[in-house]
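Turn these sequences into a full structure, and let the hints guide you.
Number of protein chains: 2
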Amino acid sequence: MKTEESSKDLLFNSPESVFYTISKEDKEYLLKNTECRSYKKNELVFLENTKPAGLICLSDGKVKIFKEGAGGRDQIIRLSRPGGFIGYRALFAGQNYHASAVSLEVSIACTIEKNALFSVMKNDPNLTFAILKSLATELGVSNMRTVSLTQKHIRGRLAESLLFLIETYGYFDDGLTIKALLSREDIASLSNMTTSNAIRTLSTFAQEGVIGLEGRRIKIIDVKMLQKISNIG
Amino acid sequence: MKTEESSKDLLFNSPESVFYTISKEDKEYLLKNTECRSYKKNELVFLENTKPAGLICLSDGKVKIFKEGAGGRDQIIRLSRPGGFIGYRALFAGQNYHASAVSLEVSIACTIEKNALFSVMKNDPNLTFAILKSLATELGVSNMRTVSLTQKHIRGRLAESLLFLIETYGYFDDGLTIKALLSREDIASLSNMTTSNAIRTLSTFAQEGVIGLEGRRIKIIDVKMLQKISNIG
DNA sequence: AGATTTTTATGTTTTATAACAAACTAATTT
DNA sequence: AAATTAGTTTGTTATAAAACATAAAAATCT
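Residue numbers (our numbering), protein chains in the order written: chain A, 64 to 296; chain B, 64 to 296.
It cannot be assumed that every hint is accurate.
Identical copies go unnamed one by one, so any copy, or any two together, can satisfy a pair.
[Stated by the list, open to error] Below, a list of computed lysine to aspartate or glutamate pairs in the EDC-like style, where the Cα atoms sit at most 20 Å apart:
| id | residue 1 | residue 2 |
| --- | --- | --- |
| 1 | LYS185 | ASP89 |
| 2 | LYS114 | GLU176 |
| 3 | LYS242 | GLU230 |
| 4 | LYS282 | GLU248 |
| 5 | LYS291 | GLU131 |
| 6 | LYS103 | GLU168 |
| 7 | LYS130 | GLU248 |
FYI, nobody ran anything at the bench for these hints, they're computed from the structure.
Take a look at the structure:
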């Protein structure tokens, strides 16, 4: 299990981090202005329409970013994994959050205070450029998702979501079970359908031998078929 | 009518441009590496899956950015107006275009060559920061749109599209007619519905006295009502 | 351990919207 | 000006998915 202290280390000293290559002084300065805390399952990380305090980096666990839609039906915009940033869109746009974030399991997240981060960025074009690239990439995913969610049918959307979960969280040690135990409701919110239809379609996939179901565990039996279902829409 | 020469001026010397405040030398350098050209109506500006050559700025006219979906049904991701950038997501993500761009009317667009732009950005954190802000803002719009398109009903989606057109292009001198003469098919692609349903729903709105229709001209009679329809979804 | 709530499951009905069809109108081309 | 093509309109039918309903199972609380 990770601690709140070791979390700062992941954020600033792992080679994949955009902060890995910044100067020693900048690193020390940001470190002093970063706070980590842990979240229980289903705890709010930030709330729609509030102001970002800084850049939040997920260090351990899983967080969903979602918008509440008409009739209480949520729409999951994004899922975050350790090492990923959350809520940075609003921060850099200078806006309030457009969505809320809630942990899906016990999680640790670190917040780099806004002004400290900005002052470092203003003197480090490479850092700003790296963040720009990351945001641009995310915008691409978001645009693709818009098309998928609006044009694919239920089976295609669900298949795409399962592939997305595999991509994001990978498998347990068995190499088959998706390493994410979402509720059926969350799977529905991710795939833009009602919970009933998510359950129904999952069990159809299971009957067809594409996946296996054991409670919240989803075993992927036939990835190729899943990709095919996702592609034909 | 704008010329290709005066277009460069808009891009670098208008106070709203992100390039307005860059140094004189940088401006001259970018100016040398910028090319403007005009496009006929329905001409391709860039094609999905090709590599961006630089940052494209629309100087005059209107351009739609769209993705071809299943069964030839397009999805308009974004509409650009003079002063706006197009295709910058792919450029900064270091990817090929995920969508295509086509002019909706006679247009002029300027392209700042990629490497020239990047070298200026690497030395001007403020410029990079400004572009980051702009991208973050767009990502917000994109996320909101995802939720609207997936959760609102036909009437709500169409009303939202009309309001979006007003916001983007404003009115003709009469203060009533939307300054954008889109085909019914484009209105459908923007609202994620079939052309038939776009036409049908437009004429329902007209019957209800919310809008007036004269060919492709759409007169907004009751904005409040339109906002209400958009909000209730 | 029992009670209560939440989550999952499945069947039935209703409805919004796509798909199809056919005609009419406007815009281009020859 | 006639012919051709592209775009618009309206009506009908088919269908995917939501809404509703009920029950079983699992998780949580007392």
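Evaluated hints:
1. LYS185 to ASP89: Both: 12 Å inside a chain and 18 Å across chains, each within 20 Å.
2. LYS114 to GLU176: Classified as within: same-chain Cα gap 12 Å, cross-chain 36 Å, threshold 20 Å.
3. LYS242 to GLU230: Classified as within; 10 Å inside a copy, 44 Å across copies.
4. LYS282 to GLU248: Classified as within; 18 Å inside a copy, 42 Å across copies.
5. LYS291 to GLU131: Answer is between; shortest inter-copy Cα gap is 18 Å, intra-copy 31 Å.
6. LYS103 to GLU168: within (7 Å within a copy, 54 Å between copies)
7. LYS130 to GLU248: within (14 Å within a copy, 29 Å between copies)
In summary, the structure agrees with every hint in the numbered list given earlier.
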